[in-house]
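Construct all of the structure, not just a fragment, from the sequences and the given hints.
Below are the chains, spelled out letter by letter.
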Amino acid sequence: MRFFAGLLCLVWISLPALSQDAKKEIQKYQQMIAEGSPVELFELGGEELWKKPQGPNQVSLEKCDLGLGAGVLKGAYARLPRYFKDAGRVMDLETRLLHCMSTLQGRSVEEATKRVFGNENQPSEMEYLSAFIAARSRGAKIAPGTSHPKEKEAYALGKALFFHRTGGWDMSCASCHGEEGKRIRMQDLPVLHKPEHARPVVATWPAYRVSNSQFKTMQWRLNDCYRQMRYPEPNYASDTTIALTTFLAVTAAGETYRGPGTKR
Amino acid sequence: MAAGPMKMRATLAGSNTAGVYTEVRVLMTHPMTTAQMKEGLHHIRNIVVKQNGKPVVEAEISQAVSRNPVFSFRLKGGAKGDKIEVSWVDNKGESNSIETAVA
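Residue numbers (this note's numbering), protein chains in the order written: chain D, 1 to 264; chain X, 265 to 367.
Note that these hints are calculated values from the structure, not bench results. The beta carbon of each residue, even a glycine, is placed where N, CA and C say it ideally should be. Treat each hint with caution, since some may be false.
Said to hold, decoys possible - Label pairs and their calculated CB-CB ranges:
| no. | chain 1 | residue 1 | chain 2 | residue 2 | range |
| --- | --- | --- | --- | --- | --- |
| 1 | X | Glu287 | D | Glu48 | 25 to 35 Å |
| 2 | X | Lys347 | D | Arg230 | 48 to 58 Å |
| 3 | D | Val72 | X | Ser359 | 33 to 43 Å |
| 4 | X | Lys302 | D | Gly106 | 51 to 61 Å |
| 5 | X | Gly357 | D | Thr146 | 54 to 64 Å |
| 6 | X | Ala299 | D | Ala156 | 49 to 59 Å |
| 7 | D | Pro200 | X | Thr364 | 45 to 55 Å |
| 8 | D | Pro195 | X | Asn280 | 27 to 37 Å |
To be verified - No farther apart than 25 Å at their CA atoms in a straight line, the calculated lysine-lysine pairs in the DSS-like style are these:
| no. | chain 1 | residue 1 | chain 2 | residue 2 |
| --- | --- | --- | --- | --- |
| 9 | D | Lys182 | D | Lys159 |
| 10 | X | Lys271 | D | Lys74 |
| 11 | X | Lys314 | X | Lys271 |
| 12 | X | Lys347 | X | Lys271 |
| 13 | D | Lys182 | D | Lys263 |
| 14 | X | Lys271 | D | Lys263 |
| 15 | D | Lys194 | D | Lys23 |
| 16 | D | Lys141 | D | Lys263 |
| 17 | D | Lys52 | X | Lys271 |
| 18 | X | Lys271 | D | Lys51 |
| 19 | D | Lys182 | D | Lys194 |
| 20 | X | Lys356 | X | Lys302 |
What the hints assert, rightly or not - Here are some, though not all, of the chain D residues that point toward chain X, as calculated from beta-carbon distances under 7 Å:
| no. | residue |
| --- | --- |
| 21 | Gly36 |
| 22 | Pro38 |
| 23 | Glu40 |
| 24 | Leu44 |
Here it is in structure tokens:
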């Protein structure tokens with residue numbers, strides 16, 4: 001009996017030590033994948049699409065105004081979501097791209113959103129473009145719009161949605177992302193309404209996922225959260241996802257953007 | 265889409281006292297599917313790294329390597345402006361290559 005008690009004690013002591021080691025190993029792994037990330041290949045693909053004449057008007061997206069002026073890419077992603085006067089609403093990157101595709105290229109929203117989430121064999125146009133544009137904000141401070149009434153409205157809606165429990169399982173974003181120390185398998189879940197947790201997340205999305213060799217957009221990330229909560233998935237470029245993106249970006253404001261990231 | 269874009273960076277590292285080396289990092293677009301997948305076996309078979317036209321690394325790669333692989337090599341010596349060329353050939357005979365000057 002005493003022997004067993006001693007053994008138990010040993011196990012008890014070694015457990016926290018082991019999880020520390022495991023954490024270190026995970027960090028090492030994360031650093032390795034960040035250094036050898038295929039993100040740059042997606043950037044190249046996105047640049048090609050940005051410059052490619054498409055749609056009935058046969059023009060490229062190069063004149064698209066992402067908020068800092070027509071065709072200005074440097075630092076533009078870090079300033080999104082923001083209010084766009086020409087559209088009368090707050091827009092995130094993907095929504096703005098969709099807007100440019102319809103206004104500049106003359107494409108219908110149905111056609112442009114037919115395939116927004118790709119797979120490993122054929123990534124989508126939005127995925128390529130997100131990689132290219134987000135990368136042009138590397139080193140820029142995250143500073144989404146916060147002054148316009150519509151921007152304030154989007155933030156407030158995003159915050160409310162974050163804590164709003166509903167759906168078949170009565171879950172909210174905060175059910176998983178509202179308390180410290182939670183994880184899904186080996187993934188630590190960030191407490192996304194706290195700036196110190198939101199910063200590294202917003203600073204590294206969109207991202208390449210090593211486990212399935214795909215580049216994922218922010219819209220996909222939110223849609224997948226909704227799917228996991230057993231909600232109906234939100235429409236592409238809907239006010240819901242823009243509001244949540246605004247809430248997260250504003251919470252992370254001030255952080256230096258260093259994406260597109262590389263995730264497990 | 266096997267012959268998608270490649271990207272390479274080659275930089276001079278180390279010090280004069282401890283010896284300089286050329287650090288090469290190259291990204292390749294390739295599906296790298298195994299025989300068990302429905303796409304069938306399709307993987308990069310050979311990689312050649314050339315320094316100023318002279319082969320310095322010849323590698324045989326199997327299906328065990330991930331999709332869109334990244335390789336990095338440390339080549340002894342070198343100087344700024346050296347021409348580094350990396351090429352690959354896969355098991356279906358497709359190939360691609362990229363060239364850059366050491367920065």
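Here is what the structure says about each hint:
Against the hinted window of 25 to 35 Å, the Cβ-Cβ separation of Glu287 of chain X and Glu48 of chain D comes to about 28 Å, which satisfies the hint. At roughly 57 Å, the beta carbons of Lys347 of chain X and Arg230 of chain D sit within the given window of 48 to 58 Å. Separation of Val72 of chain D from Ser359 of chain X is about 38 Å and conforms to the stated range, judged on CB atoms against 33 to 43 Å. Under the hint 51 to 61 Å, the C-beta atoms of Lys302 of chain X and Gly106 of chain D, about 38 Å apart, miss the expected range.
The hinted range of 54 to 64 Å is satisfied by Gly357 of chain X and Thr146 of chain D, whose Cβ atoms lie roughly 56 Å apart. Between Ala299 of chain X and Ala156 of chain D the beta carbons are some 54 Å apart, a value that agrees with the proposed interval 49 to 59 Å. Between Pro200 of chain D and Thr364 of chain X the beta carbon distance is about 32 Å. The supplied range of 45 to 55 Å is therefore violated. Our hint of 27 to 37 Å for Pro195 of chain D and Asn280 of chain X is violated, since their Cβ atoms are close to 46 Å apart.
Proposed proximity of Lys182 of chain D and Lys159 of chain D is supported: the alpha carbons are some 20 Å apart, at most 25 Å. With a C-alpha separation of about 21 Å, the suggested pairing of Lys271 of chain X with Lys74 of chain D holds against the 25 Å cut-off. Taking the CA atoms of Lys314 of chain X and Lys271 of chain X, the gap is about 15 Å. The hint holds against a cut of 25 Å. For the suggested pair Lys347 of chain X and Lys271 of chain X, the alpha carbons sit about 15 Å apart, so the restraint of at most 25 Å is met.
Distance restraint check for Lys182 of chain D and Lys263 of chain D: the Cα-Cα separation of roughly 18 Å lies within the 25 Å cut-off, and the hinted pair is therefore satisfied. The straight-line distance between the Cα atoms of Lys271 of chain X and Lys263 of chain D is roughly 20 Å, inside the 25 Å bound, and the hint therefore holds. Between Lys194 of chain D and Lys23 of chain D the CA atoms are separated by roughly 22 Å; this keeps the pair inside 25 Å, and the hint holds. Straight-line distance between C-alpha atoms of Lys141 of chain D and Lys263 of chain D comes to about 21 Å, which keeps the hinted pair within the 25 Å bound.
In summary, the hint linking Lys52 of chain D to Lys271 of chain X is supported, as the alpha carbons are separated by about 20 Å, within the 25 Å threshold. Pair hint Lys271 of chain X plus Lys51 of chain D holds up; C-alpha atoms about 19 Å apart against a cutoff of 25 Å. About 14 Å separates the Cα atoms of Lys182 of chain D and Lys194 of chain D, which keeps this hinted pair within 25 Å; it holds. For a cut-off of 25 Å, the pair hint linking Lys356 of chain X to Lys302 of chain X stands: about 16 Å separates their Cα positions.
The interface hint given for Gly36 of chain D is met, as the beta carbon of that residue sits about 4 Å from the closest beta carbon of chain X, less than 7 Å. The interface hint given for Pro38 of chain D is met, as the beta carbon of that residue sits about 4 Å from the closest beta carbon of chain X, less than 7 Å. Taking 7 Å as the C-beta contact cut-off toward chain X, the hint placing Glu40 of chain D at the interface holds, the least distance being around 5 Å. Hint status for Leu44 of chain D relative to chain X: holds, with the closest Cβ pair at about 4 Å, below 7 Å.
When each numbered hint is compared with the structure, violations occur for hints 4, 7, 8.
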